Amino acid sequence: MLVPNKNHLFHQIRRKPSQIVAPILFLVLVVYLLFGTGQSASKKPKYSYKDKTQGWLLSSKIPPGPDEMAKNHIMHYNMNLLETTVMPAFNKEQVLVLTPMSKFYPEYWDNLLTLSYPRELMELGFIVPRGKEGDEVVKKLETAVKAVQRSSTESARFSRVTILRQDSESVESQLEKDRHALKAQKERRSKMALARNSLLFSTLGPFTSWVLWLDADVIETPKTLIQDLASHNKAVIAANCYQRYYNEETKKNDIRPYDYNNWVESEEGLRLASTLGPDEIIVEGYAELPTFRALMAHFYDPHGDVSTEMQLDGVGGTAVLVKAEVHRDGAMFPSFPFYHLIETEGFAKMAKRLGYQVFGLPNYLVYHYNE
879 MLVPNKNHLF HQIRRKPSQI VAPILFLVLV VYLLFGTGQS ASKKPKYSYK
929 DKTQGWLLSS KIPPGPDEMA KNHIMHYNMN LLETTVMPAF NKEQVLVLTP
979 MSKFYPEYWD NLLTLSYPRE LMELGFIVPR GKEGDEVVKK LETAVKAVQR
1029 SSTESARFSR VTILRQDSES VESQLEKDRH ALKAQKERRS KMALARNSLL
1079 FSTLGPFTSW VLWLDADVIE TPKTLIQDLA SHNKAVIAAN CYQRYYNEET
1129 KKNDIRPYDY NNWVESEEGL RLASTLGPDE IIVEGYAELP TFRALMAHFY
1179 DPHGDVSTEM QLDGVGGTAV LVKAEVHRDG AMFPSFPFYH LIETEGFAKM
1229 AKRLGYQVFG LPNYLVYHYN E
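Each residue of the sequence shown is one higher than the one before, counting from 879 in my numbering.
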């Protein structure tokens, strides 16, 4: 067998380098295409554009929160798949419970824990005023929240809890007589509206089906509050808020109306509004401003059907269930006179202007703390 002379090979490379080098380069290119690109293709892309809705909206899993998302991922949510049904627990619909809290009532928290709606489907949101009083509220609230969220049982923990500190001015006096003085209503309720909006816009997520507004001084409700209100399948529906007290005349424990902001508009109310300036508001329940509106608080029948509905034009904020789409469509709590209404009553007016209907349950009672 003939062995090529090395000197002869080097001589050939010098004379005709292309004949020798070209096949080698071609062979290297083929090897790179076969093995090099395959390896790089197996690497994960920097960004993920996978449709996340196929995972949680069509399954029983709770959607991931912002802190659980990878920073280099883009989340997709198909809002058309979000539902609000008459059986929200069965259909695993997320409920956001929102409470502006200027004072912590242990009875409020204890009642919240008795609600039978699955906690893994419940998010809680609180907004607390600035100042020393707010600091005390935060301490008590955090203690209560940690006791629940540190439970080793997953079903005992809420899906998420958010506590916000108010970045706007709050009402100076939290005494009941000062809060409800007529002269303080416009300023007080304007600040309350700002707090509600901050809380709503900071916590409403793409997976929220319902929003339950529950005041911090509502201390007694049926355990099935969320299911009961949702079963009516209304865009906005309010419970009737009463208060327990000791009746000195009868010498017995009794109940009395508390929330007068659930009402049906009257001709006198419309006439009164037509006489007001653009920055003036009407607040219900004051003798100084007689509107002769039909107040849901006065329609309570102790022997009546708790499912009885009545259509409303104004609502209070003590216990109101709202389909999240109403808020997403733009219905919020005006901190300014809106058709001479403000805060929760202004919200009801705004919801109706957007084409939604507002209802109340005159025989379905929740109870306010008695100071």
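Don't take each hint at face value.
Derived pair list, reagent style DMTMM-like, types lysine to aspartate or glutamate, alpha-carbon separation capped at 25 Å [what the hints assert, rightly or not]:
#	residue 1	residue 2
1	970	1013
2	1024	1014
3	1069	1179
4	1024	985
5	1101	998
6	1061	1143
7	1061	1249
8	1101	1207
9	1018	988
10	1064	1047
11	1130	1249
12	1101	1020
13	1018	1098
14	1069	1145
15	1018	1162
16	1230	1127
17	1061	1191
18	970	1203
19	1230	1143
20	1069	1191
21	1230	1098
22	1069	1187
23	1064	988
24	1130	1179
25	1130	1098
26	1024	988
27	1101	1145
28	1064	1187
29	1018	998
30	1061	1162
Simulated restraints on C-beta separations [unchecked claim]:
#	residue 1	residue 2	range
31	1130	1032	24 to 32 Å
32	964	1008	38 to 46 Å
33	1157	1017	37 to 45 Å
34	1028	1184	32 to 40 Å
To be clear, the hints were calculated from the coordinates, so they are not data collected in a lab. None of these values were measured; they are calculated from a predicted model. Glycine included, C-beta positions come from ideal geometry on N, C-alpha and C.
Given the hinted pair residue 1061 and residue 1143, is their alpha-carbon gap at most 25 Å? holds, 22 Å
Residue 1130 paired with residue 1098 [C-alpha distance capped at 25 Å]: holds, 19 Å
Return holds or violated for the Cβ distance of residue 1028 and residue 1184 against the range 32 to 40 Å. holds, 36 Å
Between residue 1130 and residue 1032, does the beta-carbon spacing fit 24 to 32 Å? violated, 45 Å
Pair hint outcome, residue 1069 versus residue 1145 [Cα-Cα no greater than 25 Å]: violated, 29 Å
The hint says 38 to 46 Å between residue 964 and residue 1008; measuring C-beta to C-beta, is that right? The hint (38 to 46 Å, Cβ to Cβ) holds, given that residue 964 and residue 1008 are roughly 41 Å apart.
Taken at face value, is the distance from the CA of residue 1143 to the CA of residue 1230 at most 25 Å? Between residue 1230 and residue 1143 the Cα gap is close to 13 Å, so the pair holds against 25 Å.
Do the alpha carbons of residue 1101 and residue 998 lie within 25 Å of each other, as the hint requires? holds, 16 Å
Check whether the Cα positions of residue 1069 and residue 1187 lie no farther apart than 25 Å. Violated, at about 31 Å.
Verify the proposed pairing of residue 1130 with residue 1249, using a straight-line Cα cut of 25 Å. holds, 18 Å
Can the restraint linking residue 1101 and residue 1145 be considered satisfied, given a maximum Cα separation of 25 Å? At roughly 38 Å apart (the allowed maximum being 25 Å), residue 1145 and residue 1101 break the hint.
Does residue 1014 sit within 25 Å of residue 1024, going by the straight-line distance between their CA atoms? Roughly 16 Å separates the two Cα atoms, so the pair holds.
Of the numbered hints listed earlier, those contradicted by the structure are 1, 3, 8, 14, 15, 16, 21, 22, 23, 27, 28 and 31.
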